[in-house]
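Protein chains in written order, with our numbering: chain A, 1 to 323; chain B, 1001 to 1323; chain C, 2001 to 2323; chain D, 3001 to 3323.
Hints in this document: simulated from the structure, not taken from any laboratory.
Glycine included, every Cβ here is placed at the ideal spot set by N, Cα and C.
Be a bit skeptical, because a hint or two may be false.
Stated by the list, open to error - Pairwise CB distance ranges (calculated):
(1) D:ASN3249 <-> B:THR1291: 56 to 62 Å
(2) B:GLY1241 <-> D:ASN3249: 41 to 47 Å
(3) C:GLY2267 <-> D:GLY3220: 41 to 47 Å
(4) A:GLU242 <-> B:ASP1233: 17 to 23 Å
(5) A:ASN118 <-> D:GLY3220: 52 to 58 Å
(6) B:PRO1152 <-> C:ASP2173: 33 to 39 Å
(7) B:GLY1241 <-> A:GLY143: 49 to 55 Å
(8) C:GLY2153 <-> A:PRO152: 38 to 44 Å
Said to hold, decoys possible - Some chain A residues well away from chain B (every beta-carbon gap over 12 Å; in silico):
(9) SER9
(10) LYS46
(11) GLY129
(12) GLU141
(13) GLU234
(14) ILE308
4 protein chains.
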Amino acid sequence: MEMFAKDLSALAQSPHRQWLTTLPQQLNSFLQSPHGEFKKWQRVLKQLPQLDTDHASLGDTVQVGLPEQASDSDRARMNGLLKQLQPWRKGPFDLFGLFIDTEWRSDWKWQRVQPHLNDLSGKQVLDVGCGSGYHLWRMLEAGASEVWGIDPGELFLTQFQAIKQMMPPSIGDRAHYFPVGIEHMPSLQSFDTVFSMGVLYHRRSPLEFLQQLKSLLRSGGQLILETIVVEGDETTVMMPGERYAQMRNVWFLPSAKALCVWLERLGFKNPEIVDHNPTTLDEQRSTEWMTGESLKDFLDPNDPKKTIEGYQAPIRAIVKATI
Amino acid sequence: MEMFAKDLSALAQSPHRQWLTTLPQQLNSFLQSPHGEFKKWQRVLKQLPQLDTDHASLGDTVQVGLPEQASDSDRARMNGLLKQLQPWRKGPFDLFGLFIDTEWRSDWKWQRVQPHLNDLSGKQVLDVGCGSGYHLWRMLEAGASEVWGIDPGELFLTQFQAIKQMMPPSIGDRAHYFPVGIEHMPSLQSFDTVFSMGVLYHRRSPLEFLQQLKSLLRSGGQLILETIVVEGDETTVMMPGERYAQMRNVWFLPSAKALCVWLERLGFKNPEIVDHNPTTLDEQRSTEWMTGESLKDFLDPNDPKKTIEGYQAPIRAIVKATI
Amino acid sequence: MEMFAKDLSALAQSPHRQWLTTLPQQLNSFLQSPHGEFKKWQRVLKQLPQLDTDHASLGDTVQVGLPEQASDSDRARMNGLLKQLQPWRKGPFDLFGLFIDTEWRSDWKWQRVQPHLNDLSGKQVLDVGCGSGYHLWRMLEAGASEVWGIDPGELFLTQFQAIKQMMPPSIGDRAHYFPVGIEHMPSLQSFDTVFSMGVLYHRRSPLEFLQQLKSLLRSGGQLILETIVVEGDETTVMMPGERYAQMRNVWFLPSAKALCVWLERLGFKNPEIVDHNPTTLDEQRSTEWMTGESLKDFLDPNDPKKTIEGYQAPIRAIVKATI
Amino acid sequence: MEMFAKDLSALAQSPHRQWLTTLPQQLNSFLQSPHGEFKKWQRVLKQLPQLDTDHASLGDTVQVGLPEQASDSDRARMNGLLKQLQPWRKGPFDLFGLFIDTEWRSDWKWQRVQPHLNDLSGKQVLDVGCGSGYHLWRMLEAGASEVWGIDPGELFLTQFQAIKQMMPPSIGDRAHYFPVGIEHMPSLQSFDTVFSMGVLYHRRSPLEFLQQLKSLLRSGGQLILETIVVEGDETTVMMPGERYAQMRNVWFLPSAKALCVWLERLGFKNPEIVDHNPTTLDEQRSTEWMTGESLKDFLDPNDPKKTIEGYQAPIRAIVKATI
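Based on the provided sequences and hints, a complete structural model is requested.
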C-alpha cells in the first residue's frame, strides 16, 4: 500500500477517517490482483521525465509546468509514454506545453456545473467516478481544501498519478484518488460537496447509489449529480436493452423530473435541474488521445436525435440538491 | 433451531440444499432476537386443541378437518386463540368448521394466476413473501411435490404453523416456511417455479430483487410475479412520496409493460402480462379477522380511482416469464 | 453437497443441529477445492462391485458381508480397487472375505479403551480425527445410537465411504463422517461421549484443542483422549524439534500426569489415566495395505526405547474425564 | 477515532501500514463499547493543567517538565487527578516535580534488558503489553525512531495519554499506543525489535503468541521476551491451578530452557537467556500510587520461595532471540 501512504495519512487526519475501517483492505485487494496492464502502466509513470515546477494553472485546460521548463525531447518522451495510457477521456490537460486533447471537453461540463455550486472554499469534496481526475483539479481551483476521487479504473488512476506527480506539492498533496467503488464506503457524513457525474445510468440499483451518496454528505452538504436522462415527465423512466449508444451496462434512464422525484423520496432537499442538454458532437469526440469510437459513432447517422439502436439520443442533466 | 429441524432435514435432501450454507445462521439470528410478541404467539400455538384428522381439502377455502371432528368448545377455543394472531391477511381457511375470513380473497388471486402456470405436478416451488402461506397449500393442491415459503414476518410464520400443525402429515410435511428474506439466499438455480406476489413495490432495488428471483430458478423454470403497477407504456415508472395508499415503503411502481422491459433486460424470456386489474373493494377488505383499515380506507372517498394521497389507485398485474 | 445429503438431513434432526450454522459452508469449500486425488478416489468408490448384504459384525475385525455373498472375481476387483486407497491405517476390516490388514491393530486400542467407557447405549458419539472410521463402527457395536466422525483427510473419507456403502443401511445410516477439522465447530454441548485418539500432539495449541473438545460435550459427558506422552511428573512437557519419530508437526508431548493437570485446569472432572503403554512393533507395522515405513523405521535400530532422532520412544496414554 | 488521528496518520507513513487493514475497525469497536470507567478517565485527562515544557528526560525516572515550570497548586491538582487513574503499575515518572511511585520498579527491568538489545538507533520498535508505556519512553531514549505500544487496557491507555500530552511534541509524536490485543494484527514483518514483557504466562496458547510475535519482526529483527518461568530443564513446564500468586488466568510456566526450546521449534535463531532472577519485594510492591496488594501478599508469609498457593515463587527470565 506504499503507493497510497500519503493519501491514507491525510485521510487519518481528515473528517473522513472512518473510511479507514474499510478502505485499506480494499486497496490491498486491489493491489494484490490488479488489472493485467496495471504494472505496465505503472512502469510508464516511472519513466516520465522528472520535471520540477511550481507553476500550475487549474483553468479550463488544467496546466502543469511551463513550456520553457521542459525540452522538446522531454515533451516527445512524455507524449510517447502518456499515449500508452490511452484512452484519455476527461480533460483537457497541458503538461509543460504538451496538450492532451481528451475525448471529452470536460471544461464545458464544468462551466455548466460551476455556477450552481455551493462555495467550495476550504471545503472537503468527493468526486464519485472521477475518471482521470480532471474535475478534482477544478474543484481545487474553486477553493476546495482537499479533494477526494474514487473510480475503480486502474488506467484512470495511472493518468491521475501522472498529472499529480508533476503538480507542485502544495496542490498535488491535496488531491487524492482511491481505485475503489462506492459500495463499501461507510456512512461518512463528512463531505461538504459530493459530485457524481456520469455514473448513475450504470447502476442496476440507482436508489441504492443515491442513498450511498447521501450518506457521505454532512448535514447541509450539496450533491451535484450529472447523468443521462430522457425527455419526459415525473413518471418517465426508460430502460434500454443490452446496449444504449453502444454502451453495455446501462440501466435506468429517468427523465430529469423523475430523477428529482427519486431524490425527494430519499430525503434530499430542493432537487433542482440546473442544466439539461443533449451532448454535442463537439463535446465528446475522438481525438489523437482517444482514437476509438466516440459519440458520433453511437448515434444514428441519419438522425442524430437517435442512438444507433434507435433510442432517444443522450441528454445530460445536472441536478443539484442538499441534505 | 429445533422448530425448523424437520424442515432443515427435508432441505438437506432437496435440490436446494446449498441453501444450508446461509439459512441456519439466519434462523439462529432470528430465534435469538425475534419480534417482541413472538413468544406470546408461539404460546398460542401450544394451547391450540390437538385435533387429529386425515381430512384436508386445499381448494378455494383451504380446509383442514371436518366440523364433526371437533367440538363446539374446541372451535370456541380455536377462535379465541387464533384471533390473537391477527391480522390474518391471506386466506380464507376453514379449520374444523371454524371459518377464517381473511382480509384478502387470496383465492381470487389464485384463480387469475392458475391458468397460466406451468404444470406443478411433482415440482419444487418457492413463494417469496408467502404471508400466512395460503398459496403454498394451493400449490400443493396443484400437484407440487414440495413447497417452500419465505417471509420475514414472525406473525405470518405463526399463522402458517397453526395451519400446518393441524394438517395431515402427508400434506403438512411437504410445506416449509422460513422466516427470512431473499437477500442472503445463494443462487440455488433449483426451483421449478418461483412466485412473488405483492413484494416488488416494497423494494428500493427492484432489479436486484428480480435478479435474485432469477437466480433461484432452474434453467427453464417459471417466474410468477404479481405486483402493483400503474397505467402507462414501456417508459412509465411512478415513484410515490412517503406513502402510497397509506403504505410506507413503496418505491417503484412500473407500468406492466415497463415491468416486462425490466424482465427482458435481465434475461428472462417471454415475459407476458397475464392479468391486469384494479383490486376491488370486495377482494381486499376488513373482516372479523382483520379489523384494521383496508383498501376502502386507502382510496379517495370521492374517487375510487385515486388513492387517498391522490395517486392512481392500485392496479395489480400478474406477469409470467421463464428463464 | 449431494454426497452429504443424508448426513446433513440426519444432523438437522439430531441434537447437534447447531452445527449446520458452520458445517455446510465448510463442506462446500472442501468440495470446491479438494485434494488433487480426491476425484480419482471417488471414482474408485463407484467402481466397487454392488454387493448386497444384511450381514455385518462390528467386532475386532469389522466385518461386512459373508464370503459366500461375493465371488472370487468380486473380491479380486475389490482388492485391486481398495489398494488404490492406500495407505490404510486404522482397521482391520473384512469385506465379503477380503481382509484389510491395516497398519494399526486398532482393535487392540479399542480393547484398552472400552472397559473405561460410560455406557454408549443409545448415545450420541463424536470421534475427532477418526481416520478410516474403524472406531465409529466399534462405537455402534457398543450400542451408540449415532456416531459422528470428523477428519480432514480426503483419503480417509473415501475409505470410510467404501465401507459404509457396503454396510446394511440399518447400520450405515447411523455413521456419519465429515471431512472437516474441529476448528470451526460451534459449542454444541450435545455429545454424550467425545473421542480424540492420536490428535493432541499435532496441535500447536493443545489447550485450545482440549477446550474445543469440552465445548462439544453435554453436561456430564465423557472425554476419551488418547495421545503420545512422555515419562515424567506433573511438570514434564517435552517439545521435540522439527521431527519426532519421523513425524513433522509434533508439538507438545506432556507426561500423562501433566495432561491430567491441563484437563483439570480447563474444568474437566476426575481426569484419570486408564492406560499408559509404549506402542509395540506388533501394533503398528507395515502391511500389504500400508507398504510405507512404520513404527519400526521410526525407532532407533539399536535402542527401541528411543526414536530415530534420539527422543524417548512414543508411549501412548489413554485418559478419561468428564465435564 | 479522532483520538487516534495522528497515530493512524503516522502509521500510514510507517513500514507498518498494512496494520491499517485491521486496526481502525478494532479502534472503532473499542470506542463504541469501552470499559465503563473510560469516559471518566478521559475527563480526568481534560482537566489536567496545560503545562508547556520542552524539557523531558527519559532516564530511570521518566521525567517531563521541571518543577519550576509548574506551581504547587498545579502539582496538587495533577496529584489529585492522576490518583484517579490508579493503579499505576509500570514506572516511575516525574511530572513537573510530581513523583509517581509505581508498583513496579520498571527501571530495574530495563537495566537488565538494555545491555542485550540490538542497537535501537533509528529503529521501529513494538512493545506488546506495554501497560502505562514506561518502556516506550526508554526505547526512545535508546534512540528508537518510533515506538508502538499495544495493550487492551483502557486505564493504561489513559495513563499513557496523560504522560504523552505533557511531553514535548518532538518526543511525544513518536510514541503511539493502541488499545488492542495482538490477535488480529497482520503479519507485518516490519519491526526491528519486538518486546513482550509479562504477557506469555497469560496465554492459553503460548506458541500461537510467540508465532505472532515472530510474524511482526522483519527478517533479522530481535525479540525480547520477559516472562515468569520455573526452575527446571528443557522438559519442565508447570501449569498452576485457578490461581498463581493470586493471579487468575495463568497458564503455561515453562522453565527458561523449555522456553528456548519453544522458540527454536518456531524458527527463532539463537534464543538466549540473558537474565533469570526471582522478583524481589523491593521491585514490586504497594505504593501510594498502587495501594492494593502486591508481591509480598502473593507469597507464602513463612517461605518467600513459595507463592501463597504453594507453588514455586515467580522467577522472571529475559530471553532474546532473532529471526
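Comparing the hints with the structure gives:
no.: 1; hint: D:ASN3249 <-> B:THR1291: 56 to 62 Å; in the structure: 59 Å, holds
no.: 2; hint: B:GLY1241 <-> D:ASN3249: 41 to 47 Å; in the structure: 58 Å, violated
no.: 3; hint: C:GLY2267 <-> D:GLY3220: 41 to 47 Å; in the structure: 43 Å, holds
no.: 4; hint: A:GLU242 <-> B:ASP1233: 17 to 23 Å; in the structure: 20 Å, holds
no.: 5; hint: A:ASN118 <-> D:GLY3220: 52 to 58 Å; in the structure: 54 Å, holds
no.: 6; hint: B:PRO1152 <-> C:ASP2173: 33 to 39 Å; in the structure: 35 Å, holds
no.: 7; hint: B:GLY1241 <-> A:GLY143: 49 to 55 Å; in the structure: 36 Å, violated
no.: 8; hint: C:GLY2153 <-> A:PRO152: 38 to 44 Å; in the structure: 42 Å, holds
no.: 9; hint: SER9; in the structure: 36 Å, holds
no.: 10; hint: LYS46; in the structure: 42 Å, holds
no.: 11; hint: GLY129; in the structure: 19 Å, holds
no.: 12; hint: GLU141; in the structure: 37 Å, holds
no.: 13; hint: GLU234; in the structure: 8 Å, violated
no.: 14; hint: ILE308; in the structure: 18 Å, holds
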